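Q: These are the residues of each chain, in order.
Number of protein chains: 2
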Amino acid sequence: MKKLLPFLALLISVNAAADPRATGDLGVVIERENGNALIVNTTEHKRLAKIEKLGDLSHASVVFSHDERYAYVFGRDGGLTKIDLLKDAIDKRIIQAGNSIGGAISQDGKLIAVSNYTPGGVKVFSADTLELVADIPADYGSGQRSKVVGLVDAPGQRFVFSLFDAGEIWIADMKNPKAPVLKKFKDTGKQPYDALVSPDGRYYIAGLFGEPGLALLDLWNPEAGVKHILSEFGKDDDKLPVYKMPHFEGWSVAGDYVFAPAIGQHKVLVIDKNTWDLHGTIDVAGQPVFVMARPDARQIWVNFAFPDNNQVQVIDAKDLSIVKTLSPGKGVLHMEFTPRGEQVWLALRDDDSLAVYDTETLQEIARLPASKPNGIFFSSRAHRIGL
Amino acid sequence: MKKLLPFLALLISVNAAADPRATGDLGVVIERENGNALIVNTTEHKRLAKIEKLGDLSHASVVFSHDERYAYVFGRDGGLTKIDLLKDAIDKRIIQAGNSIGGAISQDGKLIAVSNYTPGGVKVFSADTLELVADIPADYGSGQRSKVVGLVDAPGQRFVFSLFDAGEIWIADMKNPKAPVLKKFKDTGKQPYDALVSPDGRYYIAGLFGEPGLALLDLWNPEAGVKHILSEFGKDDDKLPVYKMPHFEGWSVAGDYVFAPAIGQHKVLVIDKNTWDLHGTIDVAGQPVFVMARPDARQIWVNFAFPDNNQVQVIDAKDLSIVKTLSPGKGVLHMEFTPRGEQVWLALRDDDSLAVYDTETLQEIARLPASKPNGIFFSSRAHRIGL
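These protein sequences, in sequence, are chains A and B.
So in the working numbering, the last spot in the first sequence is 387, and the numbers never skip.
So in the working numbering, the last spot in the second sequence is 387, and the numbers never skip.
It is worth saying that the hints were derived from the structure and are not from the lab.
It cannot be assumed that every hint is accurate.
Because identical chains share one entry, a pair is satisfied inside a single copy or across any pair of copies.
[To be verified] Heads up, simulated BS3-like pairs for lysine-lysine below, C-alpha to C-alpha not over 27 Å straight-line:
hint : residue 1 : residue 2
1    : Lys175    : Lys46
2    : Lys324    : Lys178
3    : Lys46     : Lys110
4    : Lys46     : Lys92
Here the structure is a predicted model, which is why all the values come from computation and not from measurement.
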């Protein structure tokens, strides 16, 4: 029997991988403090694996390959890690910059772009090998270099991003990946600090730190240039201290409205998508951070900055009323809906757990352990523009 | 060595399954004549497997499990087949009725519903086992039974469908799957023949065969009842013979407009989604069958009934102009976009092939053989309401 043992060992190891795993209902959860990523199954509410040593994940985000096999994790320290969701392992990992803020995957799935503070610019990598394909330094003025923020993908194999120090918005057409064609919009507003693209990929909206209002670029009509909208939107004259600048991922374009967190105020802004004027505001329990629409756009879920970050409020998009105030646990940092919207996962950092809610009954239906979770990303993002 | 052979054989068979397959970029192509389904990979433009003996697929449709592992194929002859996309095999197959027209998967992914002509009604099965969970006979009037059409899933674990003979629309709330709660709307219009639900799951629209116009149900306000809209929509007084009644899957809700085929006319209708009035019409090359929006809603692709079914026209949603008329091949029966819209697959029945187009250059980039293909369904449908 001795001679058989190596064969048996091999057989067992192959068998372990032989029960095939589909990838449509997977997710990645970021454990901020210890730099890990959990692979989860959203149907079974189950942890499948823990991937360790991903560096500084204090501001991590994740995109997915078209086949939903690979997750690309962008770390704060310039780390870019490609995780194989079928093998529960790191496929490749590079440190691509000194200080990084986010990333995107191209429409065709072949390119991964990262926006960097240091050195300021966008680097573009092969999604397959993580080899550098293009380097776009954010040069402006007379030899100056800008931090880059608000990087998104857009239809037509484009990336769009903002230059914080320069006050510019750039479109990079990546049809020839080694020779990006840049279109630069100058004087678009002071210090754009984050941005989003609408779910259809048409509107790019950047928030401004240095002045009130927002910068709006219609990607169907780029020749019309960048418009300044919603001058009433901004930090409200220091009436309230701002505990956390809301991320633009926390905006929602839902039906005719855009729902956005009011900076420093206990309000959600409701913006008319046709006129880009303020339609109204909704009073909420704290300073909103994420204002996220359920995929059917009927409900808007809101979490809050400290000290109100143990609450979540649910808004009915039909009449803009608060349906319910939930107390899911301590330190609600992030939310992610299942793609058809029947459930939502909440990251409860200070409870070291993930809570799953039924969005119809608004009851908790499952809870999983996770160490200081600060981000939840489902593989269905692979199929959505701008994510 | 003889004793080792069984082990080696087992090892080899396990290894064959050991190269794992992700499921985010898979698709199922229906081969109408011979009753087969092809499994394809949309990234590699590749046929992976052929699944045979699925019965009468002359009017087949497909939905996918949440994890994108299983495809459920609804056949014209009442066959319901569950295909395992990881094992390239039929997982389960039943004949659930004598004559069937379509199906849907519930929001939670646990139920498969089928709409039947004979016997008229909806049957609901476990997505896991295909065991019957609920039977909803379409009884109306004094002991009459209606054909059921236009079955869709909607948020809130509901199915919505229309009774052709009764002129009724029913909502089935499946929260308790064994005891569906039915809400029936009567006198909704004569002979609803097909229907759709808007991508956000809010509006259910049924076409009427027995009278002009459409029946509209706002699922956010079901208490408001069914409204009759667009009385100018309908078969145009026999001015032109109708070669094919357009399916409602061929409608598109894109931005502020609904694009729909005009029955019997060489026109695409553009409907204002806010008022449900006709905004205008676009002259096209033939009687439109499918009028499908690219996922970013910038382009609308139109195919046609015989004798113009060798053409496809592309409309620019920005100014409602025809961008290009393509001649991809003979018998263009169906179209399916990749989820971020960079490519579209066309089923060319009379060329026995599938053509893949780049939607930016409008050039063909790949072609695959397929025997009389009449339907293309990508696994990303798993993540979309109403599909």
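Q: Which numbered conditions among the earlier hints are violated in the structure presented, ordered from lowest to highest?
A: 2
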